[in-house]
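Student: The primary structure of each chain is shown beneath.
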Amino acid sequence: MKRRGVLLLILPSVVYLLVMFVYPFAYGVLLSLHRPKGPAGMSLANYIAFFADPWQLRTIAVTASIAVPNTILTVLLALSVAYAMRRGIWAERTITALLVLPIALGTVLIAEGINGFYGPKGWLNQLVQAIGIPDPPRLTHNYTGVMIALFVQHFPFCFLMLLGYISGIDPALEASARVLGARPWVVFRRVMWPLIAPGAAIALALVFVMNFGVFPSAVLVGQPAGDTRTIAIAAYQQAFEHYDMSMASAIAVIMGLCQLLGLAIVVGLRGRLTATGVATLGTGKR
Amino acid sequence: MRARGWRLAVFVFIVGFTLNLVGIVTHVVVSSLAKRWFATPLPGAFTTEWYTYAWREFQLGDVLTVTATVAASVTALALLLGFPAAYVLARRGFRAKNAVLLLYFLPLLIPQMTYGIPLATSLYRYRIGGTITGVILANLVPMLPLAVFVLLPFIEQISESLEWAARVHGAGRWQVFRRVVLPLALPGLLTAGLLVLVNTVANFELTFLLSGAGSQTLVVALYYAVFAAGMRPIYSVDAMAVIYMAIVLVILAAALRFVRPTQMVFRLGGK
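One line per chain: the protein sequences are G and E, in this order. In case it helps, this note's numbering puts the first sequence at residues 15 to 300. In case it helps, this note's numbering puts the second sequence at residues -14 to 256.
Calculated directly from the structure, the hints in this document are not laboratory data. Ideal Cβ positions, reconstructed from N, Cα and C, are used throughout, including at glycine. Be a bit skeptical, because a hint or two may be false.
Examples of chain E residues lying across from chain G (beta carbon under 10 Å, computed) [said to hold, decoys possible]:
(1) 9
(2) 83
(3) 85
(4) 109
(5) 110
(6) 112
(7) 126
(8) 129
(9) 143
(10) 146
(11) 168
(12) 187
(13) 240
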């Protein structure tokens, strides 16, 4: 069997990704460092313009104000539920199959559904008014709507991921801790949490990155011209309304850097979190 | 007893979340069948006229053709390029392996909006932007790695000694592939194909950035319809949403026969 020849099989896909992913990205970064009209040569003009314009700069704060709380809430809830379900629960297959729905259906359908269900004339509002609350809060086409939409989309993903991860931890570890007299909270804090922490860190990072890039939800269920004008919307507008591709690329780079920053923070936290207790990944039988 | 309370709380939450999902989806379905519906539990009268209206007004025949073309092409290409790659990654170690794995992982990790805008810029520059080809090429960027990562464990499960045994018995390399590897990899190919299919149909951001008037998939057309919500009756938009939902659910049901829900999501650390 020719050893080297087989490696060629991987070449088409590698080349494809280099051409269609790495190159455009690199080109975009390069583009962001040039102005379309003006002095030739690289400059940070786009970036300076972004940071100098309060209407653009606030998109970072707006996006962070959506992404950070939502990520923490989603991961905390997903962790709690996945941990509680680690030994199986009644109707688990049905529940997990149902939870795949939002992931499969996607952002646009969920957004439209939320506008209907949570809208001023939707079922939830009717129910709330029927039990006697006269003036229910507005839940769609605002910040709250986007938070709901993001949670509905990302909780299932985060939950399924953590459930798979936690289920892979050897149950004998927990059992031995219980046998040795540890109460459930101590079992969690001293035995389970150090093993779960890497998975939780990955979940935090992935969900944050997904939340920070929010676009269709911010437009359809939020207020894209105001409260929920996220950085992705700013980038999109530059590309397809102002046709300023170099500025759009700059905003995309800034967005990517913010996501990277979030990732770095999570990785830094993870170092501190796993310093307690057993430091191995300890994924047991799968 | 606190454990009981805890489990009850979790159960209530799950039930609440599930009801919430069911409510969202059902509302869309009911609205699509309503003649007129205003702040009452159920509409006064039902009709199916909105489906024909949506079909006509949103040119769903064309949109569905585009969607099918894009989805089928992306799936075929992802499997065609991804299967050999997965085979090499499963069987061989080589110096650049970690770099290659990172290369495959990045389009799945980095959100589509972040790399989609530079990608759109490049494709528009080469005049492929706004065409079906552009949509297919763009969607392939995350779908190819997805196919590779789904296929990887399936190929790892095929014992390499089966291939060696076939070689010992005189089979040429193509024969080994056609009669040993391919039949055993078929479940993996099917699973990967279905997952890529459902993900492509539901994929919004990349298609949104790369599509033009004649190259919108159903989900992008739906977005524009929801976005311009005042221009058309909401019931027709919901009819379109139901059609979209039905298509995705059919593919999803097929996929779930081969893969567990937890496997549909990233596998952590289980290499």
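Student: For every hint, state whether the structure bears it out.
Tutor: Hint-by-hint comparison with the structure:
1. 9: holds, 4 Å
2. 83: Violated - the Cβ of residue 83/E stays beyond 10 Å from chain G, reaching only about 13 Å at its closest.
3. 85: Holds - the Cβ of residue 85/E comes within 10 Å of chain G, reaching about 6 Å at its closest.
4. 109: holds, 8 Å
5. 110: Hint on residue 110/E: holds, closest Cβ of chain G at ~8 Å, below 10 Å.
6. 112: This interface hint is violated because 14 Å lies over the 10 Å limit.
7. 126: holds, 5 Å
8. 129: Where the cut-off is 10 Å and the nearest Cβ of chain G is about 6 Å from residue 129/E, the hint holds.
9. 143: Violated: closest Cβ of chain G sits about 15 Å from residue 143/E, beyond 10 Å.
10. 146: At about 13 Å, which exceeds the 10 Å cut-off, the nearest Cβ of chain G leaves the hint on residue 146/E violated.
11. 168: This interface hint is violated because 18 Å lies over the 10 Å limit.
12. 187: With a minimum Cβ separation of about 4 Å from chain G (threshold 10 Å), the hint on residue 187/E holds.
13. 240: The hint holds - residue 240/E has a Cβ within 10 Å of chain G, the shortest such distance being about 8 Å.
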